[in-house]
Amino acid sequence: MYDYIAERVIKEGKYIIETNSTVRVAAKHFNISKSTVHTVVNY
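If you're matching positions, the sequence shown starts at 35 in my numbering and goes up one per residue.
Rather than coming from a laboratory, the hints here were simulated on the basis of the structure. Treat the hints with care, since some could be wrong.
Below 27 Å or equal to it, Euclidean Cα-Cα: the simulated DSS-like pairs (lysine-lysine) are [what the hints assert, rightly or not]:
no., residue 1, residue 2
1, 62, 48
2, 48, 68
3, 68, 45
4, 45, 62
Values in this document were obtained by computation on a predicted structure and should not be read as measured data.
Turn these sequences into a full structure, and let the hints guide you.
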């Protein structure tokens, strides 16, 4: 796996856990689509 992908997975996962946010809120925070958040978090 590329390092930047691993960093992105960790960063988005930590954000969701630490803020207890939804996929929709995380997508808005990172300025990406909900589908992308689902894909990254399920990676």
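Going down the list of hints, with the structure as the test:
Straight-line distance between C-alpha atoms of residue 62 and residue 48 comes to about 15 Å, which keeps the hinted pair within the 27 Å bound. About 16 Å separates the Cα atoms of residue 48 and residue 68, which keeps this hinted pair within 27 Å; it holds. Straight-line distance between C-alpha atoms of residue 68 and residue 45 comes to about 15 Å, which keeps the hinted pair within the 27 Å bound. Between residue 45 and residue 62 the alpha-carbon distance is near 14 Å, which keeps this suggested pair within the 27 Å criterion.
Going through the hint list in order, the structure satisfies each hint without exception.
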